[in-house]
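Enquirer: Given the structure of chain A, go ahead and fit chain B onto it with the hints provided.
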Amino acid sequence: MISKLCAIALACAALPVWAEMQALDDEGLSQVEGQGGVYLSGEFSVNKNGGVLWSTPTTANQAQWTADQRSCGRNGQIEVCGLRLGIRSEANGGWFVLDNIKGIFSFEGLTLRTRLINSGFGGDGAAFNQDVLELGLPNEMKFKNTTFSVAVANQGGWQNNKTYAPSFQQTNIFSGQIDGTVRVQGNVLIFPKN
Amino acid sequence: MMQKRTSLAVLLMLPLWAQAELKALDDESLASVTGAGFGLVIEDFLYDGTNATITINDITNSTGQNVPISVKELYVGATGSNKGSNLNPVDIGRLSYPWTLDLVKGENLKTFRDDGQLVQTLPTNLSVLSFAAPSKIFGAGGQACVSGFAAAGNNCSMRSTEKVDAGVRFDFNVTGSRTDVINMDFTELTMDGSYLRLWGDTARQQLVGEARINLYAKTLEILSCATGTSGCTSAQEQAARTIYFTNTYAQYALGYGKSQPLLFDVTSNGQFVLELPNPVAGISNSTTRNQVAADFYANAPRTNILIDNLNFGGTRASATAVPTGGYNFGRNEISGLSFNYLKVSSHDL
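So the sequence lines, in the order shown, correspond to chains A and B. Residue 4 in our numbering sits at position 4 of the first sequence, with consecutive numbering throughout. Residue 1143 in our numbering sits at position 143 of the second sequence, with consecutive numbering throughout.
Do not take every clue at face value.
[Claimed, not checked] Simulated crosslink set (SDA-like; lysine to any residue; CA at most 25 Å straight-line):
1) A/Lys-162 with A/Val-150
2) A/Lys-193 with A/Lys-142
3) A/Lys-142 with B/Glu-1073
4) A/Lys-144 with B/Thr-1053
5) A/Lys-162 with B/Glu-1073
6) B/Lys-1136 with A/Arg-113
7) B/Lys-1136 with A/Asn-118
[Claimed, not checked] Take a look, some chain B residues computed to stay more than 10 Å from chain A by CB distance:
8) Asp-1091
9) Ile-1283
10) Phe-1339
Simulated from the structure, these hints should not be mistaken for laboratory data. Cβ atoms here follow ideal geometry from the backbone N, Cα and C, with glycine treated the same way.
Only chain A is shown next, with the shape it has when bound in the complex (with noise of 0.2 Å):
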């Protein structure tokens, strides 16, 4: 089989190429879809170890904690702290506060390309007939140890009311944590809206 494929090919390099390349005009190149897509899994770790503002202490204390020292642990308990994020809605406010968001995400198969709706959706395919972007979600997305807390603080960092910020104000309103397996099944149809 080898061989054959072997001879096959060498009679074809040794002949000349005889089919001649033809610019494609305006009507052929304006049938030229794109096809395929994209097919994407992944697994995302955030701070799961810690992120780069504050390392972890020593004692569950706060006054003996250093300036660059934080944990993010409940009942006592030192935990690394993850991600902040500190919106401010008015000029002189203070600020809403996305916090210690940390832990490990799994997908496998999110999909992305463009499709033509023409027909089906009970009806409504026929007169639509545009294309739309299809974000096909996973089947599974897996979760560990992740969390995120809500809260409303007086300035957007962090700093430790204890011993260097007395005037350092949060109030932390929930926390949340996730882990296993969530089903998450469905395609994201986005497209302009007239």
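Expert: Using the frame of chain A, we list chain B on its own:
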């Protein structure tokens, strides 16, 4: 062989000029391009969080101890799911009535009043970021917001197959040994006409907005125990601990852009504030005050909550039938509620 042919083809193409020509868009084509934002539809959507452990922390009791809340049995799927036990995918939104994300001028973002009239609720010449659920339809093509219950209106855009079943169970671990449960299951839920609009208020130097949250559901059942546990196994035991809502809707209206924007704020000492200011505050001219007040009363959206049948401890003959037996509390309704002033702020305990 293939590679050689490809290389030859590439070489042959090089000396040729591409014939395709770029053409300027004419005025007519340009005029049809409008910045109207994006439409979003989720085809065949299904969410099942049964196998994940979701915990909400940092909510404390009076002695400062954490009361963890476990979020279980979280699901979204097609109607007929039998409380999430038979999940099937569902289309969220329609291609002709999608969820939308827009950045538009206030005067171009009209809102349906309860009587079907389109009104402007936002200040003119102001860029507004809008995230909206499928719009309502007043006139031909309108769908029943709650099937078989005309009082909820026939002005929704979602058809019966595009409504969802959704549910969630919260376990409050009050103490080490005691767990309080709230288990909620909606059937035929839809959110037509809901929106969140955000913009910057120059005078106040802050982010403001207006929101409308519409929830229409055929049924809502709230069970206060964990199914399958002691005292919560037989149909009779479960019925005794269930609150049944049938043919129900809630339309929450927060804010009226022209004169009463919803203010989202954190004070400079780190406390959360949600405020609906007095629409006529700071206007000294009496004619202007009257005009602003008249416009507010005529056009500001109202909050309405309606439960056609509320029942404790009965049983349903079918999944969506009005329960029989138990304690029937009949029809409950709050309609036309309008906030003249509202301020909610957090305090540290």
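Enquirer: All the hints need checking, so say for each whether the structure fits it.
Expert: Each hint tested on the structure:
no., hint, verdict
1, A/Lys-162 with A/Val-150, "holds, 21 Å"
2, A/Lys-193 with A/Lys-142, "violated, 33 Å"
3, A/Lys-142 with B/Glu-1073, "holds, 16 Å"
4, A/Lys-144 with B/Thr-1053, "holds, 10 Å"
5, A/Lys-162 with B/Glu-1073, "violated, 41 Å"
6, B/Lys-1136 with A/Arg-113, "violated, 30 Å"
7, B/Lys-1136 with A/Asn-118, "holds, 24 Å"
8, Asp-1091, "violated, 7 Å"
9, Ile-1283, "holds, 22 Å"
10, Phe-1339, "holds, 20 Å"
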